[in-house]
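Protein sequences, first through last, are from chains C and Z. Just so we're aligned: 575 in my numbering is position 575 of the first sequence, and the numbers increase by one with no gaps anywhere. Just so we're aligned: 64 in my numbering is position 64 of the second sequence, and the numbers increase by one with no gaps anywhere.
Heads up, some of the hints might be wrong.
Said to hold, decoys possible - Derived coverage of chain Z by chain C (criterion: at least 3 residues anywhere in the stretch with Cβ under 8 Å from a Cβ of chain C; other residues may be distant):
no.	segment
1	23–36
2	142–154
3	216–225
Said to hold, decoys possible - For each label pair, taking beta carbons as the anchor points, the in silico distance ranges come out as:
no.	chain 1	residue 1	chain 2	residue 2	range
4	C	85	Z	266	33 to 41 Å
5	C	18	Z	54	25 to 33 Å
6	C	18	Z	34	41 to 49 Å
7	C	545	Z	159	40 to 48 Å
8	C	81	Z	97	38 to 46 Å
9	Z	163	C	548	47 to 55 Å
10	C	407	Z	234	58 to 66 Å
11	Z	248	C	292	53 to 61 Å
12	C	382	Z	163	30 to 38 Å
Claimed, not checked - From chain C, some residues computed to sit far from chain Z (all C-beta separations above 12 Å):
no.	residue
13	163
14	191
15	580
Since the hints were made in silico from the structure, they are not lab data. All C-beta atoms, glycine included, are put in the ideal place defined by N, C-alpha and C.
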Amino acid sequence: MDTSSRPSGVIVTGNGKPLPEDKARIAEGEEVFRRLTERPTELLRCATAGSVDDGKSTLIGRLLYDSKQLLADQLQHVEQTSRRMGLQFLDLSLLTDGLRAEREQGITIDVAYRYFATAQRRFIIADTPGHEQYTRNMVTGASTADLAIVLIDVRKGVVAQSKRHAFISSLLAIPHVVVCVNKMDLVDFKQRVFEEIVEDFDRFAARLEISDVTFIPISALLGDNVVQRSEAMPWYQGPPLLYHLEHVHIASDRNLIDVRFPVQWVVRPQSASAPDYRAYAGQVAGGVIRPGDEVVVLPGGQRSRVAAIDTFDGPVEEAFPPMSVALRLEHDIDVSRGSMIARSHNQPTVANGFESLLCWMSERPLDARRRYLVKHTTRTVMVGAIDVRYRIKVDTLHRDESAATLELNDLGRAHIELSSPLAFDSYRRNRLTGSLIVIDEATNETVAAGVILDTEVDTGEASAARQMTDRSANVRWQGTQVTRARRWESLGHTGATVWFTGLPGAGKTTVAAAVEERLIEAGRPAFLLDGDNLRHGLNGDLDFDEQARSENVRRTAHVARLLADSGMIALVSLVSPYAADRASAAALHAADDLPFLEVFVDAPLEVCERRDPKGLFERARAGKLAGLTGIGAPYEAPASPDLALDARRATVEQEVDRVIELLIDRGLLAG
Amino acid sequence: MPVSDRQSTYHLSHLRTLEAEAVHVMREVAAEFERPVLLFSGGKDSIALLRLAEKAFRPARFPFPVMHVDTGHNFPEALELRDRRMAELGERLIVASVEHSIRRGRVAEETGPRASRNALQTVTLLDAIAEHGFDAAFGGARRDEERARAKERILSFRNAFGQWEPQRQRPEVWSLYNGRVRKGEHARVFPISNWTELDVWQYIAEERLEVPAIYFAHEREVFLRDGMLYAVSPFVELMDGERPFTARVRYRTVGDMSCTGAIESSATTLAEIVAEIAGTDVTERGQTRGDDRASEAAMEDRKRQGYF
Numbered sequence: 001m002d003t004s005s006r007p008s009g010v011i012v013t014g015n016g017k018p019l020p021e022d023k024a025r026i027a028e029g030e031e032v033f034r035r036l037t038e039r040p041t042e043l044l045r046c047a048t049a050g051s052v053d054d055g056k057s058t059l060i061g062r063l064l065y066d067s068k069q070l071l072a073d074q075l076q077h078v079e080q081t082s083r084r085m086g087l088q089f090l091d092l093s094l095l096t097d098g099l100r101a102e103r104e105q106g107i108t109i110d111v112a113y114r115y116f117a118t119a120q121r122r123f124i125i126a127d128t129p130g131h132e133q134y135t136r137n138m139v140t141g142a143s144t145a146d147l148a149i150v151l152i153d154v155r156k157g158v159v160a161q162s163k164r165h166a167f168i169s170s171l172l173a174i175p176h177v178v179v180c181v182n183k184m185d186l187v188d189f190k191q192r193v194f195e196e197i198v199e200d201f202d203r204f205a206a207r208l209e210i211s212d213v214t215f216i217p218i219s220a221l222l223g224d225n226v227v228q229r230s231e232a233m234p235w236y237q238g239p240p241l242l243y244h245l246e247h248v249h250i251a252s253d254r255n256l257i258d259v260r261f262p263v264q265w266v267v268r269p270q271s272a273s274a275p276d277y278r279a280y281a282g283q284v285a286g287g288v289i290r291p292g293d294e295v296v297v298l299p300g301g302q303r304s305r306v307a308a309i310d311t312f313d314g315p316v317e318e319a320f321p322p323m324s325v326a327l328r329l330e331h332d333i334d335v336s337r338g339s340m341i342a343r344s345h346n347q348p349t350v351a352n353g354f355e356s357l358l359c360w361m362s363e364r365p366l367d368a369r370r371r372y373l374v375k376h377t378t379r380t381v382m383v384g385a386i387d388v389r390y391r392i393k394v395d396t397l398h399r400d401e402s403a404a405t406l407e408l409n410d411l412g413r414a415h416i417e418l419s420s421p422l423a424f425d426s427y428r429r430n431r432l433t434g435s436l437i438v439i440d441e442a443t444n445e446t447v448a449a450g451v452i453l454d455t456e457v458d459t460g461e462a463s464a465a466r467q468m469t470d471r472s473a474n475v476r477w478q479g480t481q482v483t484r485a486r487r488w489e490s491l492g493h494t495g496a497t498v499w500f501t502g503l504p505g506a507g508k509t510t511v512a513a514a515v516e517e518r519l520i521e522a523g524r525p526a527f528l529l530d531g532d533n534l535r536h537g538l539n540g541d542l543d544f545d546e547q548a549r550s551e552n553v554r555r556t557a558h559v560a561r562l563l564a565d566s567g568m569i570a571l572v573s574l575v576s577p578y579a580a581d582r583a584s585a586a587a588l589h590a591a592d593d594l595p596f597l598e599v600f601v602d603a604p605l606e607v608c609e610r611r612d613p614k615g616l617f618e619r620a621r622a623g624k625l626a627g628l629t630g631i632g633a634p635y636e637a638p639a640s641p642d643l644a645l646d647a648r649r650a651t652v653e654q655e656v657d658r659v660i661e662l663l664i665d666r667g668l669l670a671g
Numbered sequence: 001m002p003v004s005d006r007q008s009t010y011h012l013s014h015l016r017t018l019e020a021e022a023v024h025v026m027r028e029v030a031a032e033f034e035r036p037v038l039l040f041s042g043g044k045d046s047i048a049l050l051r052l053a054e055k056a057f058r059p060a061r062f063p064f065p066v067m068h069v070d071t072g073h074n075f076p077e078a079l080e081l082r083d084r085r086m087a088e089l090g091e092r093l094i095v096a097s098v099e100h101s102i103r104r105g106r107v108a109e110e111t112g113p114r115a116s117r118n119a120l121q122t123v124t125l126l127d128a129i130a131e132h133g134f135d136a137a138f139g140g141a142r143r144d145e146e147r148a149r150a151k152e153r154i155l156s157f158r159n160a161f162g163q164w165e166p167q168r169q170r171p172e173v174w175s176l177y178n179g180r181v182r183k184g185e186h187a188r189v190f191p192i193s194n195w196t197e198l199d200v201w202q203y204i205a206e207e208r209l210e211v212p213a214i215y216f217a218h219e220r221e222v223f224l225r226d227g228m229l230y231a232v233s234p235f236v237e238l239m240d241g242e243r244p245f246t247a248r249v250r251y252r253t254v255g256d257m258s259c260t261g262a263i264e265s266s267a268t269t270l271a272e273i274v275a276e277i278a279g280t281d282v283t284e285r286g287q288t289r290g291d292d293r294a295s296e297a298a299m300e301d302r303k304r305q306g307y308f
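Hey, can you work out the whole structure from these sequences and the hints?
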């Protein structure tokens, strides 16, 4: 049937009579249809977030209204209801507050989806409530978003909720964030007020991974800078919101590099016409697949080649995200639902566990006694253990390491151990192969959503550290262990890292410097990496908050590893307060077969404070220095260091002796 | 050429993106549930669903039967198309009949000029789901249809009484659908949740699918009630002051004859329908569905009771 042909069925109801043919009208219909379909439009998914009173519903109503997407009966409904409520203006929030319970309480309960289109694009808006108890709904609405709209009430500025929304956007790796500073009319459209909020938000967002942030001053109620440029804010040079939504570049947000094809369903007609047909159906999660590609089927690891890519409309030459297709392979190998097809030279990590960030979504807290399942792509496996490392206080990004469980709307870092392996990528690399849900086996409830973390920031076991080299498939580590062995041989000694950790003022650098001196005297090259010195150069850009401290440790660990590899004994003197960060440093060395010794310079806080060589404690106590380890920030003592030095009981000389003994003991130094 | 430019050629139109998503949903449900069923009404949305099922499972047969809840007040054109389409596809059709539920005393026929079997279908549907042991039912509902639908998940869980509990919906993240249900519970699955009315028509036109003839403009004997045009039929009683007249109309939705209104239109081809929808200024349910006009929360209430 052609789009211009008339229906073949006959109208039989009542006296229904088809109309006589009208060529002009048919041609006109064809013309409109052609214009609609000739230029394929892109789909943009966006999520909106804001507090209850930030005017989010009004903004969406305004977008629909001003872009003429609002239909007469919807508008009539808004007009009637606004009048009944005694309002002087159109309450556009009535368009989106759908359920009776919401209208009664004046809140938005759940994610609501809105659809509108312009000549440029088709939009799906996931409208999510902003109030605290519904963090899970924001995660639900925003998980697939290309863009997040964070709404801030200009009179309130950046509040806890704005931070939560920014953090969740970062966590979900939403590629684009638009901060709409709303209700500008209530501050007389003043530029200064807007800019203060921009600065404030930037300060917080600098600690997050958000690649693209745009700020727009708007008044959703009056329509300024929503669809039409505001005349009241000539100082704002950027485009209005709708223009930005229509033009933001999203085509390159997909991963077209790593071929990932989770098998959903095996198509086997077993019919007379196609007795041997067998194809693996699924939606492409990454990369571009072509017939002839060499592939590997994970987690089994069998290899084959793509014979053909089938669709209902015939075979195609290329498949890319988000196409749903069916692959036929050249060889008859074991492929079933839950298998992951990848290119042989570019494979995801296959492991029984990983580090993750979880958003807990159930009223029943995480409980080690319950049985959980993880669903990842098309594979569902039993969970061995979920080990909570810390809970994140979203408003401050502070880590609560004492947390042993996660409750409704908590965000936390956890290691997940599985009963059988999964093939996965980090979420940053691929949102589809790096995400998962946790299901309670007894209730069937979806209790958590999770993202798999990059092992770069992993506290990882050796397996996790190994993944790191796999991860950057295009950046191969140059050199091998063979050349290292030859290097060490020609030098006549091996490299190693000795990591001194302890409170500020415990005497780490004093001991480490003395060890350095003793080693060099003995003809053994050694190098002191002092935390303070590194902060002058390599780590000069880092702050003292939690994330910056982790990064400080990470960079220092990498430098130490290079020195050790070169044959030096790297002596690291760094507070390094978090056990997880020190564990990553150790894992980094372990993955490279390099010796790593953790030395705990143990001194009670009172002793350190009394010594206070840099005057840090004095300033902290006077309130002039925030977040000093031991006072305003936690220090996690090592549970089982290679060596613990008690600063109260020994002289520096004795401490140096003990470190040297340790090195001899481990075969790193001749006795 | 820079990489980003080259990449942008791997482009899927919004409609094909929606199609890929719907196919993904259908395959997930077929894989995770034991006994799915596809609900077919003969309307445009379920016609699109049948095509999506072909896209998902051909060259094999559908891994589920197709079921029609027959109110007995259907447009004969919809039934005729249903039977022809099922014969072409070679798939199994189950007909669950409201008439049968009435005879068995499960429901009582409404009386009076506004009588409709629309509400009664809920019981017939739930009975059929229980009788066949279905644990998932595909439907053609879309979120753009109505405000309550806008809040419903793609996999929408129903308790043992078939009820929707809006405050207890499972979170739905990425494309990870949790398809686990207990015995007696089931899920309604809406693969075209994210489609709009215009998308459906554009898809039908692009895929050249056949739809019942009543979607196209024709001359018909109608009467005016509550601002809507209803067909004169044996299933509707005229009230005082309602005078039948002949008008040039077409149907925008195909439901029960007793509660589906026609619109004035001259669109005689699919392209004209697409053009008409693209330029319309009234929503489809607002214009043609008497069942949604009863109260402000009409759809929400019916969904809570187990409606489609």
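Q.
Please list, smallest to largest, the hint numbers that this structure does not respect.
A. none
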